[in-house]
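Chains A and B supply the protein sequences, listed in that same order.
Oh and the first sequence: position 257 is 256 in numbering that gives the first Met the number 0, straight run, nothing missing.
Oh and the second sequence: position 189 is 188 in numbering that gives the first Met the number 0, straight run, nothing missing.
These are calculated hints, taken from the structure and not from any lab test.
You may find that some hints are simply not true.
Unchecked claim - With a straight-line Cα cutoff of 25 Å, these simulated SDA-like cross-link-like pairs (lysine to any residue) come out: (1) Lys235(A) <-> Arg330(B); (2) Lys373(B) <-> Ile205(A); (3) Lys377(B) <-> Gly393(B); (4) Lys342(B) <-> Gln283(A).
What the hints assert, rightly or not - Partial chain A-side listing against chain B, Cβ under 7 Å, derived: (5) Leu207; (6) His209; (7) Thr210; (8) Thr211; (9) His223; (10) His224; (11) Ala225.
From the three backbone atoms N, C-alpha and C, an ideal C-beta is built for every residue, glycine too.
Each chain, written out:
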Amino acid sequence: MKKNRFAAVLSPICMLLFSFLLAGLLILALGKSPLVAYGALFQGAFGSSTAWINTINKAVPICLAAFAVGICSKVGVFNIGVEGQLLFGALGSALAGIYITGLPAFLHIPLCISAGMLSGALWALIPTVLYIKRDANIIVSNILFNLVAKLVLIALVLGPFRGDNAMVPGTNRIQETAALPILVGGSAKLSSAVLLMLGVAILLYIYLNHTTNGFELRAVGLNHHAASYAGIPSKKYVFFALLAGGMLAGMIGAMEVQGTYLMLYNDFSPGYGFDGIPIALLAQGNPLVSIVGGLLFGGLRSGSQFMQIAVGVDKEIITVIQGLLVICIAAEPIFRRGINLAGRWLDRRIVAWKQ
Amino acid sequence: MEYALRMCAITKHFPRVIANDKVDLTLRKGEILALVGENGAGKSTLMNILYGLHTPDSGEIYIHGKKMNYQTTLGAIEQGVGMVHQHFMLIPRLSIVENVVLGNEPGSALRFHRARAKKEVSPFLEQFKLEVSLDTPVQDLSMGMQQKVEIIKVLYRKANILILDEPTAVLTPQEIDELGVILASLKKQGMSIIIITHKLQEVIDFSDRITVMRRGVHIGTVETAGTDVNEIVGMMVGRNVNLGQYDIKGVPDKDVLLSVKDLSYRAGERFILKDINLEVHKGEILGIAGIDGSGQDELTEIINGTIKPTQGEILFADNNVTHRNPLQRRRSGMGFIPQDRLKHGLVSDFSIEENLTLGFERKREYNRKGFINKKNRKALAKAAIARFDIRTTGEEVLAGTLSGGNQQKVIVAREMGARPRIIVANQPTRGVDIGAIAFIHQTLIGLRNEGGGVLLASLELDELMSLSDRIAVMYKGRLMGTLAGRDATREKLGYMMVGRMNDNVHNGENLQTEKGARHEKE
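Please take these sequences and the hints and turn them into a complete structure.
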């Protein structure tokens with residue numbers, strides 16, 4: 000039991016080291032020192048309070064994406080539709096933020112967030128219903144819906160909702176009353192989105208592990224036959240979890256619009272929805288563990304710019320690292336086996352040494 | 000003495016368990032050796048090592064006196080070792096001949112020499128009295144015939160050591176007798192045969208010697224002629240268990256507890272169940288006999304509420320429950336032990352504690368305003384583990400890591416914990432060790448003696464005959480008739496299980512055995 004848990008912690012660490020090592024070889028091949036590059040990466044991600052703020056701001060959407068993937072993985076569904084859902088969430092939140100006027104902030108902010116979450120859930124609704132009622136492959140339909148969402152967003156943002164400033168491919172700014180308060184000002188601003196994200200993580204954790212509903216939801220995900228046999232309404236839980244995933248994804252869009260950009264660009268997301276996938280898989284849907292992964296990925300994103308400027312290693316190298324990590328996750332049994340073998344070898348050594 | 004096979008001091012570790020600990024096994028040329036033991040005794044591991052599926056940590060294998068060091072099944076097959084698995088490895092759409100030669104096809108890589116394949120395979124068909132065309136798709140054959148195809152497959156590869164894993168699990172009594180004849184004839188041809196089994200009667204009928212394993216250790220090997228079932232059971236479990244002798248007290252009540260009326264279930268055009276009428280009285284165990292796939296699984300699932308019948312209704316304690324969901328049925332006092340414990344009974348990645356509440360998580364003991372009452376749940380789990388003798392190191396152990404018998408005890412503990420008025424059990428002791436079987440039987444009898452009802456579907460006739468007050472027999476989704484438990488014999492049941500309804504069979508009446516026996520001879 001204990002050994003298994005040990006391996007469960009050790010294998011993600013091994014995967015990370017392995018990915019960094021391979022990407023390091025690539026940096027070496029480019030004629031740069033990987034140690035210097037990684038040093039700069041770390042410096043840019045965690046080296047100063049400004050760096051920390053940037054990292055946290057980037058980590059917020061990634062963490063939320065991991066939650067959105069995670070809750071769906073708890074019912075056994077792979078949610079690859081977060082990217083499309085978050086685009087729609089941003090749209091909903093931005094429209095409510097721009098066109099609703101005259102509300103005080105304490106009403107306007109939650110209203111816009113709710114609009115974002117609702118839009119995300121609505122975008123998730125069609126693939127979900129097709130999946131539950133007609134058994135349509137939800138991975139395929141979600142991937143297609145991601146593409147549609149991206150194109151629809153471009154059409155709307157550059158079309159009917161185009162802002163007054165012709166130089167900017169985006170909407171007008173949202174009302175002051177819809178903007179999230181800023182916790183720490185200065186050259187880098189820490190948005191209060193991080194508090195909302197932490198709140199969601201804690202609520203989600205409690206829901207999954209301490210409520211009867213959460214227990215039933217996990218039972219459905221681990222063995223829906225047994226759950227149905229025991230009288231738990233499996234399909235309702237799958238439906239609920241997929242829409243909850245859409246809502247969490249929609250919240251990402253709202254956080255970006257109301258906390259970071261204060262308007263809606265057509266191209267604001269660098270693929271946060273996809274960043275959430277490896278994290279959720281590594282954390283096995285546990286929201287608190289996902290935060291660690293989110294900070295790491297956020298750090299990679301924010302540190303990579305500094306690395307590019309300081310050392311001249313292209314920032315796309317972090318995409319390589321993330322890609323390698325995904326491959327490692329797919330090859331997880333190999334890592335676990337390696338760790339087990341190493342552990343046994345170590346056991347034997349220790350026994351021999353004691354004698 | 001010439002040995003076809005000697006396995007010496009075979010040791011195999013798996014994470015956290017020693018599956019085989021210095022196991023010795025010998026197989027004489029031309030004998031049938033039964034390898035018996037409870038689930039998890041290490042029989043399958045040992046045979047998988049012999050067949051090249053596992054590599055032993057230490058130990059040696061000698062075949063015909065020659066030391067072996069193959070590490071793959073291909074290597075084992077080359078040395079003349081063949082294995083028939085419990086779940087057949089046949090491709091349903093392919094014909095008999097194609098299945099037999101698959102992987103060893105005569106002809107070149109580009110052209111399959113079908114005529115030569117047929118010529119080579121057809122003598123086997125005669126030998127096995129398989130009166131079907133070589134071109135018949137395997138999916139059209141009965142389980143007994145499929146098993147013969149499996150054995151032919153092994154012989155075609157020129158095996159002289161044959162391993163059969165639980166060969167009788169899927170067979171009717173008549174087919175089991177036939178298998179005995181085949182094995183005897185193979186023995187005469189000089190084949191050496193190992194049968195893995197935990198059905199003891201077969202062991203006595205078929206084998207020349209019996210090797211018993213327990214907890215990964217070789218306990219002993221005895222000549223079959225000089226032993227009896229009780230001695231072997233004693234060796235298997237390490238204590239004397241009296242199997243098959245239960246005290247059934249009292250007589251069933253007249254009151255009907257559960258009744259199934261004109262029940263039919265159709266999948267597409269095909270009737271899986273047709274016009275089933277059944278009644279379970281208070282204080283009664285009603286057995287359901289039938290070969291695998293006769294509709295027992297669907298019947299129990301309909302009573303559970305997981306699938307909806309096409310027609311007919313189910314009454315429980317005078318209430319029509321046909322349209323109630325499984326949860327409502329459980330709440331009204333029905334308990335269920337499903338056939339496939341890992342699929343329907345347990346969530347294997349949940350702990351024992353969590354599994355003990357599955358389906359009951361909303362009851363007051365476990366649920367406080369929507370939150371799990373973890374303290375109470377733990378205490379109740381500890382009590383259940385003690386009361387139902389679940390062998391584990393703690394309530395937080397994952398159910399999937401328990402042995403089959405202990406997993407089944409978790410399910411029984413959960414269902415009995417809700418104090419049900421009826422238990423609907425489908426093969427509750429399948430693949431479970433003898434200690435757990437006895438315990439589950441006692442639990443069912445206990446419920447019956449307290450005036451509860453039990454519907455017990457099982458493939459094991461001995462189990463049905465030793466427990467049931469009445470036995471209903473199913474064949475192809477129909478009810479063939481019902482026998483009183485004390486009148487039931489293997490022959491009568493076996494006869495009805497293959498669909499030969501006798502005119503004289505009605506509810507509770509006897510079957511005329513003389514007539515049946517005559518039919519069989521003809």
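These are the hints, each one checked on the structure:
no., hint, verdict
1, Lys235(A) <-> Arg330(B), "20 Å, holds"
2, Lys373(B) <-> Ile205(A), "13 Å, holds"
3, Lys377(B) <-> Gly393(B), "10 Å, holds"
4, Lys342(B) <-> Gln283(A), "22 Å, holds"
5, Leu207, "11 Å, violated"
6, His209, "6 Å, holds"
7, Thr210, "5 Å, holds"
8, Thr211, "5 Å, holds"
9, His223, "10 Å, violated"
10, His224, "5 Å, holds"
11, Ala225, "5 Å, holds"
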